[in-house]
Structure formats: C-alpha cells, structure tokens
Amino acid sequence: MSYTALAVAAVVVSVLVDVALLRTRLLARRIFWVSYAIVFGFQLLVNGVLTGRRVVRYDPATILGTRIAYAPVEDLLFGFALVTLTLSLWVWLGRRGMH
Amino acid sequence: MAHLTYLALLVGCLVVTAPLELVLRVRVYARWRRLLLAVLPVAVVFLCWDAYAVHRHQWWYDAAQIVGLRLPGHLPVEEVLFFLVVPVCAILGFEAVRVVTGWRAGDESERHQ
Numbered sequence: 001m002s003y004t005a006l007a008v009a010a011v012v013v014s015v016l017v018d019v020a021l022l023r024t025r026l027l028a029r030r031i032f033w034v035s036y037a038i039v040f041g042f043q044l045l046v047n048g049v050l051t052g053r054r055v056v057r058y059d060p061a062t063i064l065g066t067r068i069a070y071a072p073v074e075d076l077l078f079g080f081a082l083v084t085l086t087l088s089l090w091v092w093l094g095r096r097g098m099h
Numbered sequence: 100m101a102h103l104t105y106l107a108l109l110v111g112c113l114v115v116t117a118p119l120e121l122v123l124r125v126r127v128y129a130r131w132r133r134l135l136l137a138v139l140p141v142a143v144v145f146l147c148w149d150a151y152a153v154h155r156h157q158w159w160y161d162a163a164q165i166v167g168l169r170l171p172g173h174l175p176v177e178e179v180l181f182f183l184v185v186p187v188c189a190i191l192g193f194e195a196v197r198v199v200t201g202w203r204a205g206d207e208s209e210r211h212q
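Residue numbers (our numbering), protein chains in the order written: chain Y, 1 to 99; chain A, 100 to 212.
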C-alpha cells in the first residue's frame, strides 16, 4: 500500500479505536482539539526539520507530492493517528482508575 | 556532528517540554506506569508500519544524519526514540492544557471532582 493509503487508513483506525473500542469520547472534547492544535504546531516544526534537512526522504511514487512546511501531507495524517491513539489510550487508562 | 542531527532534534523535544513537568507539575513522568502503558502499544504498531515502509523503500534515512545504530527492521535507533519521545510530548501538552484551563477529559478521579 502507498504511504497515502496507509496514512488515510491510520486516521480512520485511530478514530474508530477511540469511538468504538476505548469509548473515551475524547474526540468530542475541547481539551483534545486545543491540545492537538498545539501539538500540531510543534509537529510542523519537527517534521519540517526532518524533511527540510532531508534526514528522511520519500519515494515520490508513494506520496501525493503536496507538502506543508517541507513535510508530505501524509505526515500530518500519520501524526494525527499517532497523537490520537496515544491520548485515547492515556485517557482510557485514567478512566479505568489508573491515575 | 551531522550524525547527531536527528538525535539532537529528539533531545530538543524533551528539553523544550521538560518545564511542563518540572514547573507546571503536570505529573506525566511521575505517572510512569500509565505513561508506559499508553505509549508502548502505539509505538509497537507504528514501528511495524515504519519497518514496512523502509522495507518497501517508501522512505529512508540519510546515513550522514543518524548515529548509525540500526535495529531489527533496519530501523535507525532514532526512529524507536521518535515513537517514545513524540507521544510523551503530546501527553505532556495535553496535561498542560488541562492544568492551565481546568477543562475536563473524562478521566478525572472522583476525589478530585
């Protein structure tokens, strides 16, 4: 599968895991989206350095080619899935009594 | 020094977010068991994805900008650290927003309500 297809699938899976499996209702909360907006800013910075300095390079055939701050747009989807799954699990553990 | 580029970026992420734990007292590192349980399963999944992508040559790393230590799946050690550092920073940011705004995330314990 191309990076594009995998990145879209990762976003769908991360949302499904939260909504249907862990059921934290995190995605309906203001705290999630404000946190994500802040993390997103830093993600652009870190990803921008990694891709702008060409620490990581991509096969042009596996991405759409649209770039934001040097990074392939797919990286933003990848980052959303990573952050969403992590925060969902963090909150789920808290709801299970782990503080 | 170029070999340290990627590693330095990750260390920078930890340094920049450290005041959230030390000054704002978000208690994320302090709750290390919960932190590990939240971060490790997701990291394993994403490392598998990373190894698949490297195997398929969808992306690769500039040998001049990594320390050169390779792990199973031909992944640079920095990639493993990336999937630990970035999620930890995300949780630190999330808890910082909670501390500053007082907004609820639905996981507050009864005694704190």
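Read the hints as simulated data drawn from the structure, not as lab findings.
Heads up, a few of these hints could be off.
What follows is a list of derived Cβ distance ranges for each label pair [as the list claims (entries may be wrong)]:
id, chain 1, residue 1, chain 2, residue 2, range
1, A, V143, Y, V15, 14 to 24 Å
2, A, P140, Y, G97, 12 to 22 Å
3, A, S208, Y, L64, 36 to 46 Å
4, A, V176, Y, G97, 32 to 42 Å
5, Y, L64, A, V176, 35 to 45 Å
6, A, R132, Y, G48, 11 to 21 Å
7, Y, W33, A, R124, 19 to 29 Å
8, Y, A61, A, R124, 45 to 55 Å
9, A, A163, Y, H99, 14 to 24 Å
10, Y, L21, A, A163, 39 to 49 Å
11, A, A129, Y, W33, 21 to 31 Å
12, A, A101, Y, R96, 42 to 52 Å
13, Y, T66, A, S208, 35 to 45 Å
14, A, M100, Y, R57, 13 to 23 Å
Short, incomplete list of chain A residues facing chain Y, as computed with Cβ under 8 Å [what the hints assert, rightly or not]:
id, residue
15, H102
16, Y105
17, A117
18, E120
19, W148
20, Y160
21, W202
Cβ coordinates follow ideal geometry from the N, Cα and C atoms, glycine included.
Results of checking the hints against the structure:
1. A:V143 to Y:V15: 14 to 24 Å: About 20 Å separates the Cβ atoms of A:V143 and Y:V15, which means 14 to 24 Å holds.
2. A:P140 to Y:G97: 12 to 22 Å: holds (18 Å)
3. A:S208 to Y:L64: 36 to 46 Å: 44 Å Cβ-Cβ, so the 36 to 46 Å window holds.
4. A:V176 to Y:G97: 32 to 42 Å: Given range 32 to 42 Å: holds, Cβ gap about 35 Å.
5. Y:L64 to A:V176: 35 to 45 Å: violated (30 Å)
6. A:R132 to Y:G48: 11 to 21 Å: violated (34 Å)
7. Y:W33 to A:R124: 19 to 29 Å: With a Cβ separation near 24 Å, Y:W33 and A:R124 satisfy 19 to 29 Å, so the hint holds.
8. Y:A61 to A:R124: 45 to 55 Å: holds (48 Å)
9. A:A163 to Y:H99: 14 to 24 Å: violated (45 Å)
10. Y:L21 to A:A163: 39 to 49 Å: holds (42 Å)
11. A:A129 to Y:W33: 21 to 31 Å: Since the Cβ atoms of A:A129 and Y:W33 sit about 26 Å apart, the hinted range of 21 to 31 Å holds.
12. A:A101 to Y:R96: 42 to 52 Å: holds (45 Å)
13. Y:T66 to A:S208: 35 to 45 Å: At roughly 44 Å between Cβ atoms, A:S208 and Y:T66 fall inside 35 to 45 Å, so the hint holds.
14. A:M100 to Y:R57: 13 to 23 Å: Hint holds: Cβ distance 20 Å, inside 13 to 23 Å.
15. H102: violated (11 Å)
16. Y105: Holds, because the Cβ-Cβ distance from A:Y105 to chain Y comes to roughly 5 Å (cut-off 8 Å).
17. A117: This interface hint is violated because 14 Å lies over the 8 Å limit.
18. E120: violated (15 Å)
19. W148: holds (7 Å)
20. Y160: A:Y160 check passes; min Cβ-Cβ to chain Y is 6 Å, inside 8 Å.
21. W202: Status holds, d = 4 Å.
Of the numbered hints stated above, those contradicted by the structure are hints 5, 6, 9, 15, 17, 18, listed in ascending order.
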